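Visitor: The chain contents come next:
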Amino acid sequence: MTAGRGGSRGAGASLALHATLVVASLVAVFPVAWLVLTSIKPRDAWQSSRVEMFHDPTLANYAQVLGDTAFPRWLVNSLFVAALTTVLGVLLAATTGYAVSRFRFPGFRSIMWMLLVTQMFPVATLIVPIYNLLAALGLVNQFPGLVIAYLTTTVPFCAWMMKGYFDTVPVEIDEAGRVDGLTPFGTFWRLILPLSRPGLAVAAFYSFITAWAEVAYATAFMTGDDKYTLAVGLGQFVGQHKAEWGLLTASSVLIAVPAAVVFLLVQRHLVTGLTAGATKA
Amino acid sequence: MTTQVVDAAAPGPGARGRRPRARGGTRHWYAWAMCAPVVIVTLVLVGYPLARGVYLSLTDATEANMGRTIGMNTIPSTYEFVGLSNYAGIVTSAEFLTRLGWTVTWTVVCVALHYGLGLGLAMLLNRPLRLRSLYRVLLVLPWAVPAFVSAFVWRYLLNGEFGVVNAMLRAAGLGGVDWLDDPLWAKVSVIAVNVWLGVPFMMLALLGGLQAIPRELYEAAEVDGATPWRRFRHITLPGLRPVAGTVVLLGTIWTFNQFPVIYLVTRGGPGGSSEILVTYAYRQAFEGIRNYSGSAAWGVLILALLVVMAVVYRRALRTRGEAW
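Protein chains in written order, with the UniProt record's numbering: chain A, 1 to 281; chain B, 1 to 324.
For the record, the hints were derived by calculation from the structure and aren't laboratory data.
A hint or two may mislead.
To be verified - Listed below are several chain B residues computed to face chain A (Cβ distance under 7 Å; list not exhaustive):
1. M34
2. C35
3. T42
4. P49
5. L124
6. L139
7. L306
Note that this is a predicted model, so its numbers are computed, not measured.
All C-beta atoms in this analysis are idealised placements derived from N, C-alpha and C, irrespective of residue type, glycine included.
The task is simple: from the sequences and hints, build the whole structure.
Guide: Printed below as a string of structure tokens:
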């Protein structure tokens, strides 16, 4: 509760509060920290269960991942797929989100249900039929095919989130736009979208991260190793010889760190975007 | 204030619209046009596969009798329509009840822990507190790491021989545990990993919800001498309900279908003991002789279960006036 009298909390209570939060933070951070530490240990150090912080720190694993494997190629593939998913996904989600935020039209309820139900689809059910569909269109092992598959995941969620965001933009702005003779689409494009940049940024981020980290579709649809994304490529380090944990950890860090940094910058808006509609109700 | 809606019949005062237009119809036309791309993409990529999945689930299609093209040769499909026998076979199998029981346990335990821990941490972070932003960033970190990387890290941490978790247990004088190789511990492990992954989202969402509760309510209650517990029960919980409604529904769906954690951490093992419905269905379709029809039937059943759950849930919310 909001303990309006800040500072009047007893020393004991303060200690307990901080202790709880410190423990929780440690639990949250430890696995990630351990990953980073392992990645800068020598090749075979992962086989030691001794808990030691630094033991001959080295960047050898990184050098090998970047120099001797197809990692850079997969990185470019991932960036391309994720960027395309983001741009298309945000455009589609924004128009739909605006429509369900502002208009009550016949079919409104069905669309809201569709957005929700689409999130329930188990990957396992869709993956075979989508594969067949893409095969029929000649899109297997093609980036556009993968992007289309990702859009089915990202667009419903982003549209849902954008609806929440648009609900927080005052309707008076739309009305002003229409008074000035703008069409509903013109109002949306010229007035609402520019005002919704934070919401758009969050949707963009979500789309990007989803495409960046997806495994199941990418594994099933991308058959040539020049077309692998990072998530699929990482699997190549397991089993080829034996699990190359050194390479695995180094590439995991390379994949996770940029994502995490951007994520931490936008996380606050991510939740606001998702729950804005609900909290305002 | 609920969602404000542009009323089709309410032109702005003194509208100098250049092109006077028919009211309702035009507005609907725009709404539909703006939704059309999503509806079309969804129908093609979800509707069609779903229809095809339902159809396949009524046949005996497997990798062996599915039509395919090898080089120049096209082999026609030879699978046959078998009605509901796939479903009958699944529903009466011991496998189904075991998987369903574990999936429900998994979902309920995970969501309850997500919500409980998330709410607890959110309430701690909602107090005036030194280092609050730092704590928040640290606590959100698990959500920031791509799920497959997390799953991989946990596999390593929980490794029986080299894992640091066992190393710490041994250092503390306790024996190591076969985290991933013992049926019971494997279940505990995947739940722990999923809780670790899911708490940050709940925490942030509920923190947002807490901050939206007007402070005056607490002040008034305090003046009236309400105990902290009563304030929690009568102000915090009702105040959170709109947010909680959304996130618990989403959390339940996501957990029920949580593929990467189980598939990557235990691979459903040992002996299929930690396999939930989704990973089991995936395995049917992609391992051994690919059993497309069986997998499709499992998928349709999973979807049906979720839709029923969502309908019941939405109805429960609507009776309290909290849904669209």
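Visitor: If a hint holds in the structure, say so; if it does not, say that too.
Guide: Here is how each hint holds up against the structure:
1. M34: Holds, about 4 Å.
2. C35: Status holds, d = 5 Å.
3. T42: Where the cut-off is 7 Å and the nearest Cβ of chain A is about 6 Å from B/T42, the hint holds.
4. P49: holds, 3 Å
5. L124: Since chain A brings a Cβ to about 6 Å from B/L124, closer than 7 Å, the hint holds.
6. L139: holds, 5 Å
7. L306: Since the shortest Cβ distance to chain A is 4 Å, the answer is holds.
No hint from the list above goes unmet by this structure.
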